[in-house]
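Engineer: Residue numbers (our numbering), protein chains in the order written: chain B, 1 to 240; chain W, 1 to 255.
Just so you know, the hints here were simulated from the structure itself, not pulled from any lab data. Heads up, none of these hints are tricks.
Computed beta-carbon distance windows for the label pairs:
no.: 1; chain 1: W; residue 1: VAL50; chain 2: B; residue 2: ALA107; range: 53 to 63 Å
no.: 2; chain 1: B; residue 1: GLU131; chain 2: W; residue 2: THR42; range: 56 to 66 Å
no.: 3; chain 1: B; residue 1: LYS99; chain 2: W; residue 2: GLY11; range: 53 to 63 Å
no.: 4; chain 1: B; residue 1: GLU131; chain 2: W; residue 2: ASN246; range: 22 to 32 Å
no.: 5; chain 1: W; residue 1: VAL103; chain 2: B; residue 2: ASN59; range: 48 to 58 Å
no.: 6; chain 1: B; residue 1: LYS102; chain 2: W; residue 2: HIS90; range: 36 to 46 Å
no.: 7; chain 1: B; residue 1: ARG15; chain 2: W; residue 2: VAL103; range: 38 to 48 Å
no.: 8; chain 1: W; residue 1: VAL76; chain 2: B; residue 2: LYS99; range: 21 to 31 Å
no.: 9; chain 1: B; residue 1: GLU131; chain 2: W; residue 2: GLY124; range: 50 to 60 Å
As a list, the in silico BS3-like pairs of lysine-lysine whose alpha-carbon atoms are at most 27 Å apart:
no.: 10; chain 1: B; residue 1: LYS99; chain 2: B; residue 2: LYS127
no.: 11; chain 1: B; residue 1: LYS111; chain 2: B; residue 2: LYS151
no.: 12; chain 1: B; residue 1: LYS99; chain 2: W; residue 2: LYS180
no.: 13; chain 1: B; residue 1: LYS102; chain 2: B; residue 2: LYS127
no.: 14; chain 1: B; residue 1: LYS127; chain 2: W; residue 2: LYS180
no.: 15; chain 1: B; residue 1: LYS127; chain 2: W; residue 2: LYS247
no.: 16; chain 1: B; residue 1: LYS111; chain 2: B; residue 2: LYS99
no.: 17; chain 1: B; residue 1: LYS151; chain 2: B; residue 2: LYS55
no.: 18; chain 1: B; residue 1: LYS111; chain 2: B; residue 2: LYS127
no.: 19; chain 1: W; residue 1: LYS180; chain 2: B; residue 2: LYS102
no.: 20; chain 1: B; residue 1: LYS99; chain 2: B; residue 2: LYS151
no.: 21; chain 1: B; residue 1: LYS61; chain 2: B; residue 2: LYS151
Built from N, CA and C at the ideal position, the CB exists for glycine as well.
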Amino acid sequence: MLQVEGVGKSFGKERVLHDISLTVETGHTLSILGASGSGKTTLLRGLAGLLTFDKGRVNWKDEDLTNLAPQERGIVYLYQEPLLFPHLSVFENIAFGLKVRKETPKAIESKVTTLLDELGLSDHAHKSPEELSGGQQQRVNFGRALIIEPKVLLLDEPFGNLDAQTRSNMQELYLRISREHHITSLFVTHDVKEALRMGDQWATLQSGQLHSFSSQADFIADESTGAQAEIRFWQNVQSS
Amino acid sequence: MSRSTQILLWGIGLTFVLPFVVLGLWSVADTWRYPAVLPDLTGDHWQRLVSGQSLLLTGLLRSVGIAVSIALVSTVLGFYISRAIAYHQHQRTWLFFAYWPCVIAPGILAGLVYIFFLRWGWAGSWGGVWLGHLLLALPYAVIVFHPFWTPQIRQYEQLAATLGASRIHIFSTVLFPMAKGMVLIGGFQTFLISWFEFGLTSLLGVGKVQTLPVLVYQYIQEANPYLAAVAALILMLPPAVVLWVNKRFLFTKLV
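This is chain B alone, in the form it adopts within the complex:
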């Protein structure tokens, strides 16, 4: 279980995060809905160890991660862009984290081949990233993170640059993979439908303040999430 207790962050006089506390159950996905500038990226970067919170603690089960370097946390941060290493093939990109951990070539071959098959990328193993479509690149991006079995996966609007159909396919793929691999994750998005679809737990982040919801029904009922406005929009479309 990931537990975040009272973390805060300011840049100069600007306070970006206010005493944020949250809990994500093991194997669950916490959807965080927030507009641009709400502090989502700062929160994720702090959890990954890429910046230091001014205060508060980050715990995984009984382990205090607060002062650990990004390399030691076991928390992978995935950006909106797939950021595949352009000088490595699809296979080598996915194998990156295993090579860092000095796994044997045989183990790397076996694990990467299995994951490529699971992600439907077996035919693309030896291609370079630039030969792949946007959706395929994001699948490689997931594979590269999943293969090292991270404690927590942080996803910063990972489907933001994809077209509607590919986005829907990727959401489905991620849900399947995350359930199969029992992944604990924070999924940040500004799309209310995506937040509803991807999460097991829900929260909003507005002006650096996090508000968690105890259930999906509460999230939908809250006017600030925009879910009610979405429902009214479709009801109006249907009735007109």
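Let chain B serve as the given structure and place chain W on it in line with the hints.
Structural biologist: Just chain W now, with coordinates in the frame of chain B:
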């Protein structure tokens, strides 16, 4: 291709090639005086070079040693320092300092540091000349590599870190390979800066440190066109080889 274009291209080609032909002839000339169209040929000058009888061989080896080590050190340090500058809050100030040695002439730079080199006993030593070359090449490498450090490169670094890669691993398996074309350009350019450096070497070397460009000048001063031609041709050879070997990266693949 039209005939006039062909003539123009041949003309440009000859302009590049003819000086080397003349140098080649001087380097194998026993004597070449007016009105002889071609010189009396001899292999003595090259033989003296190969047998080590002239200063050229030691000058060549020392120039290669200095230029290669300067290229390696300034490329590696320049890559690392340019990253530190790019991510620093006062990067403009630091970059200004890096531009400074490049915009003033090497001879003037040598004049500025000469007093310190004299005081510390570095003037007239190989180490002093090597340090002088580094003062020119390192800031140049920093300027070459600075544009590489974009926000996206920083994201690559951070992603690799969250995947568990150490700082050394990130540099060796992510950043250096991604900057391969730029690293080759930087290495080649810093090699050339050191290889052809004359003014600073003359001043800081106070005549005791004889690199190849210093020898070329010395032979010209002695009115010895034959050895000057041999030295000049040797001076052209290593950059030409490096250029030929790396032409694919140098001309097509910057990053």
